[in-house]
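Chemist: Listed in order, the protein sequences are those of chains C and X.
Going by UniProt numbering, the first sequence opens with residue 1, and the numbers climb by one from there.
Going by UniProt numbering, the second sequence opens with residue 1, and the numbers climb by one from there.
The set of hints was computed from the structure by calculation and includes no laboratory data.
Hints should not be assumed to be uniformly reliable.
To be verified - Derived Cβ-Cβ restraints for the label pairs, each shown as a range: (1) X:L379 - C:R121: 33 to 39 angstroms; (2) X:L379 - C:L117: 33 to 39 angstroms; (3) C:E39 - X:A37: 54 to 60 angstroms; (4) X:Q377 - C:E71: 52 to 58 angstroms; (5) C:Q28 - X:D50: 47 to 53 angstroms; (6) C:M1 - X:L311: 54 to 60 angstroms; (7) C:L117 - X:P173: 18 to 24 angstroms; (8) X:H138 - C:S128: 39 to 45 angstroms; (9) C:S14 - X:Q323: 44 to 50 angstroms; (10) X:S76 - C:T104: 33 to 39 angstroms; (11) C:S14 - X:I372: 28 to 34 angstroms.
Said to hold, decoys possible - Straight-line distance between alpha carbons at most 16 angstroms, and here's what the computed EDC-like set of lysine to aspartate or glutamate pairs gives: (12) X:K157 - C:D54; (13) X:K191 - C:D53; (14) X:K328 - C:D54; (15) X:K154 - C:D20; (16) X:K154 - C:D54; (17) X:K157 - C:D20; (18) C:K63 - X:E117; (19) X:K191 - C:D54; (20) C:K17 - C:D53; (21) X:K328 - C:D90.
Idealized CB from N, CA, C, for every residue including glycine.
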Amino acid sequence: MDFSVLNEALASKSFNKIADICDNLMLQVAAEGVPFRDEWPFAIHLLGHIYIDDINSARFLWKSIPPAIKESQPEVVAAWKIGQKLWTRDYAGVYEAIRGFDWTQQTQVLVAAFSELYTKRMFELLQSAYSTISIQDAAQFLGMSEEDASNCKHAHLCLCREVSYYFTIFRCIA
Amino acid sequence: MNSVEGLLTQIQGLSSTASDVLSLQNVLKQADESLHAESTRLLPFLDQLDPSKHSLGYLYFLEACTAGPVTTESASSFVLVIARFISSCVAEQIRLAPDKFISVCKRFKDQVLLLEEPLRGVAPMLTAVRKLQSSTEHLTTLHPEFLLLCLLAKCYKTGLSILEEDIFEVDQPRDLYLYCYYGGMICIGQKCFRKALELLHNVVTAPMSTINAIAVEAYKKYILVSLIHHGQLSTSLPKYASGVAQRNLKSLCLSYIELANSYNNGKIADLETYVQANMEKFGSDNNLGLVKQVVSSIYKRNIQRLTQTYLTLSLQDIANTVQLNSPKEAEMHVLQMIQDGEIYATINQKDGMVRFLEDPELYKTCEMIEHIDLSIQRLMTLSKKLTVMDELISCDPLYLGKVSLPFPFIKLF
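If we strip away everything but chain C, and leave its shape as in the complex, we get (with noise of 0.2 angstroms):
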């Protein structure tokens, strides 16, 4: 199998090409009638999934998957964990997904990329859905201790404390 074009990818940082390539090569190993799915990146495949936020996708893919490989290969399991956590909605339990687990080398790229932008989504979304917000709970939904968030400054939002408890949120012009 050649996984040059998902390799060079990988290279490249063109993380939002993966899901295609991965579904594309499969499709056509398939179709050649090559058992394929022992030496399947399919802990890359999913992540790929993941990382354009289309988890159906990446449910089915899981659904798909031989019992055998989700016994012998533990880097599957753990990152099908992610896409769990994010399709019930634990947002702080992707975090702990993505920090619980060794991951090889090349699947760390990937991760630590989805990890930032899964950060950034959950900025987006304390912005645009709260106007004010214990310190508490935009800690867990940051993936930070409450000491970070609260000296957190990111590019688009800023944090400001108002009384002890709570932040509220003012949109910064960037």
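Mind docking chain X on chain C? Use the hints.
Modeler: For chain X alone, coordinates are given in the frame of chain C:
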């Protein structure tokens, strides 16, 4: 065997120019019966033909080989042969014998399913669709086969790509019903409920002379998706739906109509009781997943109704009105709705209040203008097509025969 050998030579000789291929087609048509008679011995002869040059001849041989019943043994030997044929054949040649091509592809689908590997068939079937259709507006018999394989292989995203194309030309009505039904299921899987509703609506309102099972199943899903997406169901079918559908569909989907009625009352407990009582029926229709989504959407529906009455509301009040267990749960529901773009609001955690806002879209951005422009262009194209169709029909003798003319029509010749 001489006739087969002779046929092979003719195929190899007559496959280079378009006129040669047409003469070859006549030869093949005449030889078709004898090919079918020798079907069990034809497989080794395929090696002497090149599917990328001798596509038409290869197709005739392949169709004869695969004409018998599908067995696991024959499936394993033919699946790869057909997949490779599909990817290398020349579209112009196979379009001369569309029925044979469709027959081979359907066999391929049967084989792939018998081997329990629908994923193997997805890419070849998509290629087959592209080669068979005369334009992207043409719906072939292979479209629903492709979507079926996508559904079974769980490749919903791949299936979605073909659904984006507008269809104006249909070969067989059954193709349209199946295409729209499977297409609706794919959209439901990817949570594109608006598109799913459009496709299912097409099945339900399509012309039909007798009620068919596909329309009934489509209507059941249509009811459920309508509740999830719009929060309501219109009680009657549009006027352009066939008389058959208007008279029969509702009585064949009674439990679903009842579910919609219960949903409209807004009382979650009643809805859940009704679902429990009819669990088996929904399960046997394979609609349990959708029904569960309907139940969880009722919270959303009730919260959205609040925006029509209140400017601000406390989280506790939301929890009480919508029958959630705590203000925290209410906060999570509102947050999820904001995330999904289903509501415009801000949460003030300090005071425990939610303020409902107006849709901030001012319709002034470049993206919005581009979107409107594209929509107008699509409408103009559609309008032109309708004008052409209208002109064609008004010249159609069948139509003229049925329309009664106000004055006696005097023949002037």
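Chemist: Now tell me, hint by hint, if it's right for this structure.
Modeler: Comparing the hints with the structure gives:
| no. | hint | verdict |
| --- | --- | --- |
| 1 | X:L379 - C:R121: 33 to 39 angstroms | holds (35 angstroms) |
| 2 | X:L379 - C:L117: 33 to 39 angstroms | holds (37 angstroms) |
| 3 | C:E39 - X:A37: 54 to 60 angstroms | violated (45 angstroms) |
| 4 | X:Q377 - C:E71: 52 to 58 angstroms | holds (53 angstroms) |
| 5 | C:Q28 - X:D50: 47 to 53 angstroms | violated (21 angstroms) |
| 6 | C:M1 - X:L311: 54 to 60 angstroms | holds (59 angstroms) |
| 7 | C:L117 - X:P173: 18 to 24 angstroms | violated (47 angstroms) |
| 8 | X:H138 - C:S128: 39 to 45 angstroms | holds (44 angstroms) |
| 9 | C:S14 - X:Q323: 44 to 50 angstroms | holds (47 angstroms) |
| 10 | X:S76 - C:T104: 33 to 39 angstroms | holds (36 angstroms) |
| 11 | C:S14 - X:I372: 28 to 34 angstroms | holds (32 angstroms) |
| 12 | X:K157 - C:D54 | holds (10 angstroms) |
| 13 | X:K191 - C:D53 | holds (13 angstroms) |
| 14 | X:K328 - C:D54 | violated (27 angstroms) |
| 15 | X:K154 - C:D20 | holds (15 angstroms) |
| 16 | X:K154 - C:D54 | holds (14 angstroms) |
| 17 | X:K157 - C:D20 | holds (9 angstroms) |
| 18 | C:K63 - X:E117 | holds (14 angstroms) |
| 19 | X:K191 - C:D54 | holds (10 angstroms) |
| 20 | C:K17 - C:D53 | holds (12 angstroms) |
| 21 | X:K328 - C:D90 | holds (14 angstroms) |
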